[in-house]
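Protein chains: 2
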Amino acid sequence: MLDKIAIFGVGLIGGSFALALKQAGAVRHVVGVGRSRASLERALELGIIDEIATSAAQAVAGADLVLLAAPVAQTENILRQIQPAIGPSTVITDAGSTKSDVVAAARRALGEKVAQFVPGHPIAGREMNGPDAALPQLYAGKKVVIAALPENSDQHVERVAAAWRRCGATIFRLSAERHDQVFAAVSHLPHFLAYALVDDIARKPNADQLFQYAASGFRDFTRIAGSSPEMWRDITLANRDAMLDELDAYIVQLQRMRAMLDAADGPGLEAVYANARHARENWIGAIEAGDKTPASKAIQENQQ
Amino acid sequence: MLDKIAIFGVGLIGGSFALALKQAGAVRHVVGVGRSRASLERALELGIIDEIATSAAQAVAGADLVLLAAPVAQTENILRQIQPAIGPSTVITDAGSTKSDVVAAARRALGEKVAQFVPGHPIAGREMNGPDAALPQLYAGKKVVIAALPENSDQHVERVAAAWRRCGATIFRLSAERHDQVFAAVSHLPHFLAYALVDDIARKPNADQLFQYAASGFRDFTRIAGSSPEMWRDITLANRDAMLDELDAYIVQLQRMRAMLDAADGPGLEAVYANARHARENWIGAIEAGDKTPASKAIQENQQ
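First to last, the protein sequences are chains A and B.
For the first sequence, counting from 1, position 146 maps to 146 in my numbering; every step adds exactly one.
Take any residue in the second sequence, count from 1 to its spot, add 1000: that is its number in my numbering.
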């Protein structure tokens, strides 16, 4: 049981964390902090938080766990603000989609107290935002990546992991660098490619006609191009190095397949398509089999 | 009321066409032709067809309408086979995903009788195939593109259009060349890009780890990479010229965005992302408003 937690950002991510812990009976008192007074009042009304903090320092004082769930661009400022108020028994974590930049910001802002900062990334979301979008079930069956620092003690890491487990999530461990490379490949690059395609079509002279014939395949392929431009600007810039690597590899792949197309190399193209379909079927099969990584494998991954 | 129709390929596409016309009371007798005796027997059992043809020529003799719904690679052979049996009152159409190549094949195979061939493309499908996948509702509310030839008489075009309307579809008209350019942009290129991404990831040394963290965004983005490799090999090769144009434009777009990423040009990237989201929202909005093109606009498009 956590006696007190502080949530910076009481919207979808932070609000769902608080609601899940409350529903699990895993926390006694939740303090909310944020830039929008209206969101804080609404979170109080909805029972997401028990108290609106009078200051960031007051929120953190005596907290067992602090979750940063505000936009990632605010991370360093928030950490600087709370740094003097972080007592020896407080653990801080975050929910940002990129980790190397967050770790660098935490090192700058927290100094030695960075040992009490355990970076995290819950792999969950919804199209909606704000306190009204928060759900106690948001993290049930989802993955949370913990990108622990060498300075973190096992107890501190375990406090963060245990809280996410009480929300119904499964914990995976990756280094910050590996985390960013993995998500550049399977999340950040696909977003970039979907935005690129829709923008490319939208700027063609016959765009209206093209959209008129777009069907369900196009709709699914471009669904992620409906995501927040501000958020994805920040994510792609925060993960620029890994993104450039993945994008360059993808452009090489397109050039390779372009040569096949140009040469009317049917067997070559079919081999690429068949390999992709096969890999995707295996992946879907593994998801449907309820792919759970055992703890031993999770620890192994932390070494990579 | 059509007295007799002949269906080459009694699976999802051809079978659904027959079932829809029967349900609408728009056809008296349906003859099926195909390479698989088992599929023909099954189609007879399911009431999709009323008769298995003894030969392609017998199927076509006296038919008001012939639909080619076999794999596109067979189109030219089928047309050559039936050419001598095509009487003056028979109209032939097809259901292929590309049109310029089909038109070229029809000109080679049919000679002067190409005037009786009205190329078509129903924009509908399912993951499943074969007679058991056929549904009378498959085309309800869907689009069918007719790529009429200059040689086609209005009555012949109208016979094909009327049959599809009885299946519940809305008719759009495009030239074969414009059809292929439009579908290269909104369908064929997205398939190519999705296959490219999954194959690229699958060939990386840490592919298993990458797939482990792929989530719902990746799942939707790559859904079309679960499509038939053989069918998409044929489509991309058949539409090679338009595909190369679209692919080259997309690679230019990626290089432009790569430069923004490399220069950490946040406003530039955000503008691309925001334009894409905006265009996609407009498109989804138009779909949800039940976007129907009036006949006058459909005729106008035929001129483009």
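These aren't lab readings, by the way, just hints derived from the structure by calculation.
Note that CB positions come from ideal geometry on N, CA and C, so glycine has one too.
Mixed in with the good hints there might be a few duds.
[Claimed, not checked] Result set (DSSO-like, lysine-lysine): computed pairs, CA atoms no more than 27 Å apart in a straight line:
(1) Lys22/A / Lys204/A
(2) Lys204/A / Lys1004/B
(3) Lys1204/B / Lys142/A
(4) Lys1004/B / Lys1143/B
(5) Lys1022/B / Lys1142/B
(6) Lys1004/B / Lys1022/B
(7) Lys22/A / Lys4/A
(8) Lys22/A / Lys143/A
(9) Lys142/A / Lys4/A
(10) Lys143/A / Lys4/A
(11) Lys1113/B / Lys204/A
(12) Lys143/A / Lys1004/B
[Stated by the list, open to error] Not everything, but these chain A residues come out facing chain B in the computed CB check (under 8 Å):
(13) Pro150
(14) Asn152
(15) Gln155
(16) Glu158
(17) Arg223
(18) Ile224
(19) Met243
(20) Asp245
Practice task
Quickly compare the C-alpha distance for Lys1204/B and Lys142/A to 27 Å and report which way the hint goes.
Solution key: Holds, because 25 Å separates the two Cα atoms, which is no more than 27 Å.
Handout entry: Restraint outcome when Arg223/A is required to lie within 8 Å of chain B by C-beta distance
Key = holds, 5 Å
Handout entry: Straight-line alpha-carbon gap Lys142/A to Lys4/A, limit 27 Å
Key = holds, 24 Å
Practice task
Given the hint that Lys1004/B pairs with Lys1022/B, test it: the Cα-Cα distance must not exceed 27 Å.
Solution key: Within the cut-off at roughly 11 Å; holds.
Exercise for the section: Return the status of the interface hint for Glu158/A: holds when the least beta-carbon distance to chain B is below 8 Å, violated otherwise. Expected result: With a minimum Cβ separation of about 22 Å from chain B (threshold 8 Å), the hint on Glu158/A is violated.
Handout entry: Interface hint for Pro150/A, Cβ within 8 Å of any Cβ on chain B
Key = violated, 21 Å
Exercise for the section: Quickly compare the C-alpha distance for Lys22/A and Lys204/A to 27 Å and report which way the hint goes. Expected result: It is violated: about 51 Å lies between the C-alpha atoms, which goes past 27 Å.
Problem - Distance restraint between Lys22/A and Lys143/A, which requires alpha-carbon spacing of 27 Å or less - result: holds, 20 Å
Handout entry: Minimum beta-carbon distance criterion (8 Å), Asp245/A to chain B
Key = violated, 11 Å
Exercise for the section: Quickly compare the C-alpha distance for Lys143/A and Lys4/A to 27 Å and report which way the hint goes. Expected result: holds, 24 Å
Problem - Agreement of Lys1113/B and Lys204/A with the hint, judged by alpha carbon distance not exceeding 27 Å - result: Roughly 38 Å between the alpha carbons, so the hint for Lys1113/B and Lys204/A is violated.
Practice task
Double-check Gln155/A for me: the hint is only fine if its C-beta lies closer than 8 Å to a C-beta in chain B.
Solution key: violated, 26 Å
Checked against the numbered hints listed earlier, the structure breaks hints 1, 2, 11, 12, 13, 14, 15, 16, 20; every other hint is satisfied.
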